[in-house]
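Novice: One letter stands for each residue in the lines below.
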Amino acid sequence: MTQTRTVRRPSGGAVAEGVPAIELDGLTKSFGAVRAVRGIDLTVQPGEVVAFLGPNGAGKTTTVDMVLGLCRPDEGRVRVHGLEPGQAVRRGLVAAVMQTGGLLKDLSVEETLRLTASLFADTRPVAEVLERAGIADIADRRVGKCSGGQQQRLRFAMALLPDPELLVLDEPTTGMDVGGRRDFWAAIREDAARGRTVVFATHYLEEADAYADRVVLVSHGRVVADGTAAQVKSLVSGRTVRATLPGADVPALQAIPGVEDVEVRGDSVLVSSRDSDVVLRHLLNHTAARDLEVTARGLEDAFISLTSEGAQS
Amino acid sequence: MTTADLTATERSVPPLGGFNATLLRLELRRMLRNRRTVVFSVVMPVVFFLLFGTGRSYSDESAGHGNVAAFIMVSMALYGAMLSTTGGGAMVAVERSQGWSRQLRLTPLTSTAYIAVKVLVAMLLGGLSVAVTYTAGALTGAQMDSSVWVVTALAVWVGSLVFAAFGVFMGYLLPSENVMQILGPGLALFAFLGGLFVPLEQMSATFRTIAHLTPMYGLNEVVHAPLTGDAPGWTAVVNVAFWLAVFVGGAVWRFGRDTARV
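These protein sequence lines map, in sequence, to chains A and B.
In terms of our numbering, the first sequence has 227 at position 227, counting the first letter as 1, and numbering is strictly consecutive.
Take any residue in the second sequence, count from 1 to its spot, add 1000: that is its number in our numbering.
There may be inaccurate statements among the hints.
To be verified - With a straight-line cut-off of 25 Å between C-alpha atoms, the simulated SDA-like cross-links for lysine to any residue are:
#: 1; chain 1: A; residue 1: K233; chain 2: A; residue 2: Y204
#: 2; chain 1: A; residue 1: K105; chain 2: B; residue 2: R1056
#: 3; chain 1: A; residue 1: K105; chain 2: B; residue 2: V1119
#: 4; chain 1: A; residue 1: K145; chain 2: B; residue 2: P1175
#: 5; chain 1: A; residue 1: K145; chain 2: A; residue 2: A193
#: 6; chain 1: A; residue 1: K145; chain 2: A; residue 2: V126
#: 7; chain 1: A; residue 1: K105; chain 2: B; residue 2: Q1202
Said to hold, decoys possible - Derived coverage of chain A by chain B (criterion: at least 3 residues anywhere in the stretch with Cβ under 8 Å from a Cβ of chain B; other residues may be distant):
#: 8; stretch: 144 to 152
#: 9; stretch: 186 to 192
#: 10; stretch: 248 to 261
#: 11; stretch: 276 to 288
Unchecked claim - Partner residues aside, some chain A positions facing chain B, computed with beta carbon under 8 Å:
#: 12; residue: V89
#: 13; residue: D106
#: 14; residue: L245
If you're looking for bench data, these hints aren't it; they were derived computationally from the structure.
Note that beta-carbon positions come from the ideal geometry of N, C-alpha and C, so glycine has one too.
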């Protein structure tokens, strides 16, 4: 379902497209000695579905908190649809699905939604968001008796109430089983198809790949890559071949097609490559390498290599 | 049905910082749904009154403008109101530990409106506790001049604001879901030292001196004054003013720090 959308400025009157949904300018945030966010610049346009991808501790949640006005940056500026985060929240322009907590166990699902709805100037009907989040059948259930997945759908329903322009999700599927995860994303995807801007933080590459148009890779409090899912995926794919090879000819190894990095550690050599088969063939046919091991390069390794590259440049 | 259906003018901030009747009603229902809260705040004071206030040799003795049963009824109503309002205020701790306060920061509800609701719900529960204890008293032989019924009930209810402030203060100070299990023994001690259970005149001089400094003493003296006909001593009045200032000041201080994190 495609639809043309007018972007509106909440102060009144329709305005031209061009006011970004999110504008982050030189954002930094430290907690004591820990520099959680070290200068993030990012612009998200209305209608984009953006994944904020990074390992735990990359600064994703801190950045999300600053977008939502839950914490204040040490330096830099946050604008949500041209407004301060708090202003945007009070007008229902932005809503969020947080990772955990944020629910009262002794209310029912429907009561939670009615309470939340009562706080906003304008909301969608409770029955409608129950339906869209797929929890109409458990409306009368106490929140404390709901499964993790059901609670997450309730958080999603709560976020839908103000009919926000921007929906922010912070690691929304943590602790869900595969089925729950798939159903949850199906609901989000359906919602995004209606034209809502969606930004979600995740440390699952598969989630970013499957659901985002754009992936922003974050590591050590910085954006280290920003592009389509395919572009970012190619950055983090590949394998590492490890072998015992005294006196390895490093330039020869680097010349193998697909090789990205060669590291010598004593008698061992580690070759990172997009095509490990070629590396193995070379090592076995042309060198005295033994004890060969092939490991899939995890996201974690990719982040490390990207970050060190970033630090060098 | 998309966001585009809403016109720009509908993107507004709600009045009164988000405070509304639905919120108040749901909060009250939530409070009454908690069995432990209801037992401690409403049932227990009545049980204590029936145990210690009625059918005793002293129950019908005069206590000024009423009988001793009425005197004990006022004490127990104050005890119930103290438990109710402290518990209501301390809900802040439960909601903080469950992450609800954080969730509320993603809504237009202002911190001030939030605290106003907490205090209001605490006071409504306190009012219920006083009403139930007074009804039990009226049905089981407590006697007072009719104006004294009204004046003491109001004094107990309004006075329990001190403990609503105490509850909010503790709610911000103790980040625990089981805040009332921590506060419960403390409140019992306050009640005991305040002379709610045993008249302080029966205690040693040293004990009395210590008791006069505790937060329940002054309020207990003040709410009984219309019944006994004795004006409350200045120590009692100073006691109430002092503890009210401490608890409100503490609550405002912690509340300010909490919202400053935004």
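Novice: Hint by hint, which ones does this structure get wrong, listed from lowest number up?
Specialist: The structure breaks hints 2, 5, 7, 8, 9, 10, 11, 14; every other hint is satisfied.
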